[in-house]
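A.B. asks: The chain contents come next:
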Amino acid sequence: MFRHAAKNLLRHRPVPTTSAAGAAAARAPSRTFSADAPAAQTADAGFVEAWKKVVPNIDPPKTPLSFMEPRPATPASIPSKLTVNFVLPYASELSKKEVDMVIVPATTGELGVLPGHVATIAELKPGVMSVHDGNEVTKYFVSSGFAFVHANSFADIIAVEAVPLDRIDASLVQKGLAEFTQKVNSASTDLEKAEAQIGVDVHSALNSALTG
Amino acid sequence: MAMAALRREGRRFAPSSPPPLLDASALLIEHHVPFGARSISTQVVRNRMKSVKNIQKITKAMKMVAASKLRAIQIRAENSRGLWQPFIALLGDTPSIDVKKNVIVTVSSDKGLCGGINSTSVRLSKGLHKLNSGPDKEPKYVVVGEKAKVQLIRDSRKHIHLTISELTKIPLNYTQVSVLADDIIKNVEFDALKIVFNKFHSVVSFIPTVSTVLSPEVVEREVESGSGKLGELDSYEIEGGSTRGETLQNLAEFQFSCVMFNAVLENACSEMGARMSAMDSSSRNAGEVLDRLTLTYNRTRQAAITTELTEIISGASALEG
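Protein sequence lines, in the order shown, are assigned to chains A and B.
The working numbering runs 92 ahead of the 1-based position in the first sequence.
The working numbering runs 293 ahead of the 1-based position in the second sequence.
In isolation and in its complexed conformation, chain B is listed as follows (with noise of 0.2 Å):
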């Protein structure tokens, strides 16, 4: 009688959208035992207890750590949120613009476990290689980041021109992103370079934001067809000795610099927040499972004793006739 009313508790389990771990621990007590036999054994349900704890304490400390790192990393990605603003006042954006070579730049993160974001970016760098397709033009990827890496090895193996991987080994710096912008701009033609990246909203939020970076061939081509935000950069005097051109260009380092420098800033706490909601969300689940597992474990435990007190007391009733 204990063992039908284990069975149906088993099965109550079994429809409800379950991790693997539910249905091993109903199988258990659907287990075929010739009557009588006590070979219900709590061992096996101990030992998955042990392991779920074990999880939710490992994902409950990664937490923790992840959002001691986000505190840090959030305010300098704040204070960094002025710089690529005085750029877009100057020569607005135009992430529509047409032109032959396009770099899509990825910035993702090294270490797994943090939810979508990476996947996300991805997505997001194919969509813009698809919108930027033609016949004669073909974007190209600079991946930062391996998470990202892996991805768009399986399928565009070919356009990737250039992986950048642990920039986060050290704290952040603009020196050291300034010289991996400079390395990037020497080493890769652009005309115009797209930075894809997800841009810290709130812990919980992140917005996939595409920056675009325009060579100076392209900003002076702007320039003299007068249209737009960039047609106005005509009326703009430039100090010194240099021509618009080298003046440009120099802008235009500096200003792929500034916008990367704020990107993987920006991606980084992200990827922090988004570490921190996906071992929330883990231990909490953690913590479901082990609550089943330790009614499990009761009853089966309830069982075992209810059994041996049913055979002693048949027994002795049988005794006394």
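So that you can see chain A by itself, here it is in the shape it has in the complex (with noise of 0.2 Å):
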């Protein structure tokens, strides 16, 4: 009952002409989600404009940009701390955590990240990434993804799946291990052997993680 109440306030607010209701009743909240930083409003402004142009009685839809909160800009000097994102696709292992420095395990090697670093984007092999702060030292098992370290001393680091190294249980390591092994040695076809092969390599990349 009250949930209509609110409706019918909306409607009778000035409203644009063209907007169906619903997307009224939407848009009130969803104005305080944008936040863009100005160049992003052009671009933003750029997809309105031509929108109301071809299609004006539908409202233009949002995109992700006005949900997002804009990056700040490069600073002058080097900043102190490095600002850490680490997602999964099912959670945000840390969001905005200022640390002193990553270490992620690139498919060249382990690139360590400090602020001030230089913008890099990083293809990531399994492997350990560690979390510096200060004397604690968090690590995690990742299994694959994508690295990007901005000039603003921001680090994003997107992972298909990471789990905390105490989680990892050795035997099944060595276990797989051997499977996968075995399995590289009588496959058959390319794709059955590229497989096996990246079986191999996380499993490896596993048995060095729990044992170095």
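Check before you lean on any hint, since a few could be wrong.
What the hints assert, rightly or not - Keeping only pairs whose Cα atoms sit at most 16 Å apart, straight-line, the calculated EDC-like set for lysine to aspartate or glutamate is:
#1 A/189 / A/228
#2 B/394 / B/448
#3 A/217 / B/532
#4 A/231 / A/271
#5 B/423 / A/141
#6 B/346 / B/532
#7 B/522 / A/136
#8 A/173 / A/225
#9 B/346 / B/584
Everything labelled a hint here was simulated from the structure, so no lab data went into it.
Starting from two chains that each stand alone, build the complex the way the hints lay out.
C.D. replies: What follows is the structure, encoded as structure tokens:
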């Protein structure tokens, strides 16, 4: 009952003529999201303009930029801390955490990222990622993904799967390694060989993570 | 006299925007009967009341089911919201980019009774299609979900390249969606992918959103032109031996699967929320119809009793003389 009353109130508001009531109800709260940086605003504004010309009857859709906080610009001097966002498909492990250093397992080896690191895009291979904050070190085993380091000392690490090291079972790792090594030897097609090789890579990385 | 009163009551219902149900019950009362004949039967009204009550129970149950499903999936959708942000931070968002081959991926639900969210997505997709149509560029559709497929097939059949249905039969997970994204990328040539979905804002509000994923060639082109956010991509070093082209290829595929995962989760949440609202208003309407039918039923019953009483009393007084 009260929801209907709220909708009626919004309908009486002076609203631009060409909007559906539902969109009107949605637009009011969505304003709290938009915190666009000026450059981003022009891209969005261009889209909205073009939309209104071609399809005037429907509200233009929102774009992801309006749901995101803008990132700060590159500061003049190197900041003291690195801000890390570590995201997985099912959780945001670290969100805007200020740390001293992160070490990520890039395809070419361990990449250490400190504040003021040059902007980099790195693809990750299965390995250990460690986050250093003062004296505490948190280690995760990541399966694969990407790491972006931006010039403003923001680091984004996107991994498909990550587990803290203490959750890995050593005996299962050994078993998996043996199984996949055997599959590599007995693989017939290229596809099977590639899949088995991936298994071997991941398990040997797990192994060295546990031992090393 | 009782009949006249009833007829007046019945007429009061007719002008207020009634569901067809109410018209029928009003007609029931206005049925012209010869004086004295007791043909007012409560059976019809009683049947209608029973069916409306059943509908109310069913819609209430559907609302509860949708509410419980929503709780489960909302947590997952909110957790996955961090997934696409790094890509936007790196590559920026250019929904108005001008490319030849646009592919519009419309995400919708398989089941109905969820309010207007699927129609909103379809209207948006058609709007995007119109926006991006030109002399030599025709956007194509990739449709996820039965509801959008049914609506789009009616007038854009030749533009639909691929349809995917029954995505939510098993609980959504990243592996499944990344396989789907892989399939789409393999089968469709694209310069820009526009994913249309309903972003879940709250149980009663869903925001139609379009996310853009560019193909590596287009990104390369934009980097070279040096404009906007993508122009800054040149300053990023690529770690490792691969060229920027190869890295961008992997990046585009990864971005698409992440964005699809978030889109599908958000759309599923919106579907549950919309279904909750729809079923809630449906049970409320059914309740109102039931109230009116109950009043009608009582009046009919009381009229029959009054008629009987008056007959008996007038008969008795006639005997007394």
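A.B. asks: Each hint: holds or not?
C.D. replies: Structure-based check of each hint:
1. Taking the CA atoms of residue 189 of chain A and residue 228 of chain A, the gap is near 13 Å; set against the 16 Å cutoff, the hint holds.
2. Pair hint residue 394 of chain B plus residue 448 of chain B does not hold up; C-alpha atoms about 20 Å apart against a cutoff of 16 Å.
3. Pair hint residue 217 of chain A plus residue 532 of chain B holds up; C-alpha atoms about 12 Å apart against a cutoff of 16 Å.
4. Between the alpha carbons of residue 231 of chain A and residue 271 of chain A the distance comes to roughly 26 Å, so the proposed pair goes past 16 Å and is violated.
5. Simply put, residue 423 of chain B and residue 141 of chain A have alpha-carbon atoms about 14 Å apart, close enough for the 16 Å limit, and the pair holds.
6. Note on residue 346 of chain B and residue 532 of chain B: the hinted pairing is violated, with a Cα-Cα distance of about 66 Å set against a maximum of 16 Å.
7. Annotation: proposed proximity of residue 522 of chain B to residue 136 of chain A holds, straight-line Cα distance about 13 Å (limit 16 Å).
8. Taking the CA atoms of residue 173 of chain A and residue 225 of chain A, the gap is about 9 Å. The hint holds against a cut of 16 Å.
9. A threshold of 16 Å between alpha carbons decides the hint, and for residue 346 of chain B with residue 584 of chain B the separation of about 10 Å falls inside it, so the pair holds.
This entry does not satisfy hints 2, 4, 6, going by the numbered hints stated previously.
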